[in-house]
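Trainee: Here's the letter readout for the chains.
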Amino acid sequence: MTFSATPIDGSIKVFVPRDAAARSVGADEVAERIEAAAKATGHQIEVVRNGSRGMLWLEPLVEVETPHGRVGYGPVAPEDVDGLVAAGMLDGAALTVGAYLGVVEELPWMKRQQRLTFARVGVIDPRSADDHAEYEGNAGLRKALSMTPAEVVEEVVDSGLRGRGGAGFPTGIKWRTVLGAASDLKFVCCNADEGDSGTFADRMLIEGDPFTLIEGMTIAAYAVGAGEGYVYLRSEYPDAVETLNAAIRTARDLGWLGKNILGSDLDFDLHVRVGAGAYICGEETSMLESLEGKRGMVRAKPPIPALEGLFGRPTVVNNVLSLATIPTILANGAATYAGYGMGRSLGTNVFQLGGNVARGGIVETAFGITLGELVNDLGGGTASGRPTRAVQVGGPLGAYLPVELFDLPMDYEAFAAVGAMVGHGGIVVFDETVDMSAMARFAFEFCAEESCGKCTPCRVGAVRGVETIDRIRNGEDRKKNLVLLDDLCDLMTDGSLCAMGGLTPLPVRSAVRHFGKDFGS
Amino acid sequence: MTSEVITPAPVPAPGRADRVRELATELRGLRGALIPILHAVQEDLGYVDQTDIPVIADVLNLAVAEVHGVVTFYKDFRREPAGRTTVRICQAEACRSVGAEALAEHAKRRTGVGFGETTYDGRVTVDEVFCLGNCALGPAVQVGDKLHGRVTPARLDAILGEAR
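Residue numbers (this note's numbering), protein chains in the order written: chain A, 1 to 521; chain B, 522 to 685.
By construction, these hints were calculated from the structure, which means they are not laboratory data.
This one's a predicted model, so the numbers in the text were calculated from it and none came from an experiment.
There may be inaccurate statements among the hints.
Claimed, not checked - A few chain A residues that face chain B, going by a derived Cβ cut-off under 7 Å, partial list only:
hint, residue
1, Ser11
2, Ala21
3, Ala182
4, Ser183
5, Gly195
6, Gly198
7, Val272
8, Gly277
9, Ala278
10, Gly293
11, Pro302
12, Pro303
13, Ala358
14, Val428
15, Phe430
16, Thr433
Even for Gly, the Cβ is constructed at its ideal location relative to N, Cα and C.
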């Protein structure tokens, strides 16, 4: 089914998200009930399955188009639909019931954000190429094609964009290396193996605006001279796999992929490869091994993937959010993008609030917003209503931070200075019931489970870590074992081949440092 | 103690090897074809049998050991048939912050099986998963391909009850 961008003969546009998170709490049933209720009450409606606005605590969030903007109702349970329709929901009526939210764009949560990467997510029908085009889609690609590849690379360098996957390496510098490498075959690979707990922005971008990712990868291909692209997408995201595959097929039909893209000399095609349940494949060299059809064993660097990547060829490896930000940088200029942010963390970042949080979801805003503003002002504190005790920022390999550090600005360097990392921008909230020694134990347990096994510090260290924390928790030689734990963390940090073993000490050490009480000290 | 019930190794259905060869041959032209082939075999035949491995190795001109190594590296590839419904309960940090461990304990008590195991009637396989990308609406559970959010023990009972 496709939907036109403009309503057909005066029918009312009603938006019910297709996003997996919205579906997980009943969006499909809500859409069905709305269709049925509209029929019964004689409303002529057109249901658009959009992406999610990212206000996940309000899902399923129903929006109705009105002359003064899109009016929201949420959360709407399937059994609420008939009552809401009877009360005038399909006319966009201002209801006195709790579900009525007013104009969605005017909500404080939305007003607080600067959506550049996520500009279209939740707004458009993700499967509609017409919608993409209408909302300035391909403007970045058209601009890029009017420049030389080297100019495109320098534009990305000037934007200050750093890798959003977690490492924060300047994207433009990486591209410059690939552009400078001589090879008849180069690749652009998108890392969509979003395995970090507390992160879901890659999934929501792909499900909510897949054409923007395709556009970003196409620009990357043009800039570095690549002919083929791969999106390594995790198998845990079946909805995203389906949406992206559908978008790629549409893009090929429209000449947005394939030969002579948009009438230019650029040839580029894109393929989805589905992962197979290995967290380590989010590490770029492990991902390349997996794309080659092998075990996801980490490679030693150098050689860097930019020079010897997929099948030994020069390869751009970027995260979904990095690539999806490229179109807006090209369309609106590097200076505009670099006008957001602070220090060396320029532009916006897509933060994700999850875990025990009252208002969880997507917050895209300039770097520099504080952790406390995100968790308290936007997130509204815990979902349980108990005091917040800890937040973990940056996934399973990120540090646990106490509320005393809530003044910390979201900035790569500020986080590094306190032994933490921004990572992929996920923030998981825990209330006062959390046992931090159990979370530290879990960090090691997870590392032991997911280690590729290539280097000893990670493979064996993680197991020894679980044992040491168990001894501490059991009260055996606490002091001695805490020293031993510290020594083990040093060894894993310095001796591991990749971030899996190298960063597991981050959550462990931060838990000991900030929540020593839970370790009996 | 000797068990009276001997679970026989699954006997591959007749024609299975031909079907595996067909699937592998169809996809062999892809770059890095092995993982797409293994996904296709599992999708079509339910799991990756030990007897499939030499067939795939032959089609791709790889050593049997290489294919075996890949099959055993990735958690997705099952070595035996799963139950008719697979229920995966997220055990990662965000879901733990809202009670995922207690939910897993509840599932174990209710079904009588642990993670990675299938109920005796072959109805349900219960497993753990680390992150389904539904971290603001946890605890998250995946039933087949369908994601569920804010899963309470009562809701999980309903899900398990519907699994036939």
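Trainee: Next step is simple, just say for each hint if it's right about the structure.
Mentor: Against the structure, the hints:
1. At about 30 Å, the closest approach between the beta carbon of serine 11 of chain A and any beta carbon in chain B exceeds 7 Å, and the interface hint on this residue is violated.
2. Among the interface hints, the one on alanine 21 of chain A holds; its C-beta lies about 5 Å from the nearest C-beta in chain B, closer than the 7 Å criterion.
3. Interface hint at alanine 182 of chain A: violated, since its Cβ lies 21 Å from the closest Cβ of chain B, which is beyond the 7 Å cut-off.
4. Interface restraint check: serine 183 of chain A against chain B, minimum CB-CB distance 15 Å, threshold 7 Å, status violated.
5. At its closest, the beta carbon of glycine 195 of chain A sits 6 Å from a beta carbon of chain B; the interface hint therefore holds under the 7 Å criterion.
6. Annotation: interface hint on glycine 198 of chain A holds; nearest CB of chain B at approximately 5 Å, less than 7 Å.
7. With its C-beta approaching chain B no nearer than about 10 Å, valine 272 of chain A sits outside the 7 Å limit, and its interface hint is violated.
8. With 7 Å as the threshold, the beta carbon of glycine 277 of chain A comes within range of chain B, its nearest partner Cβ sitting at about 4 Å, so the hint holds.
9. At its closest, the beta carbon of alanine 278 of chain A sits 5 Å from a beta carbon of chain B; the interface hint therefore holds under the 7 Å criterion.
10. With a cut of 7 Å, the hint placing glycine 293 of chain A at the interface with chain B holds, because the nearest CB-to-CB distance is about 4 Å.
11. For proline 302 of chain A, the shortest C-beta to C-beta distance to chain B is roughly 22 Å, which exceeds 7 Å, and the interface hint is violated.
12. Given the 7 Å rule on beta carbons, the hint for proline 303 of chain A is violated: about 19 Å separates it from the nearest Cβ of chain B.
13. Below 7 Å, beta-carbon pairs count as interface contacts, and alanine 358 of chain A has none with chain B, the closest being about 10 Å; its hint is therefore violated.
14. With its C-beta approaching chain B no nearer than about 5 Å, valine 428 of chain A sits inside the 7 Å limit, and its interface hint holds.
15. Among the interface hints, the one on phenylalanine 430 of chain A holds; its C-beta lies about 5 Å from the nearest C-beta in chain B, closer than the 7 Å criterion.
16. Hint status for threonine 433 of chain A relative to chain B: violated, with the closest Cβ pair at about 9 Å, above 7 Å.
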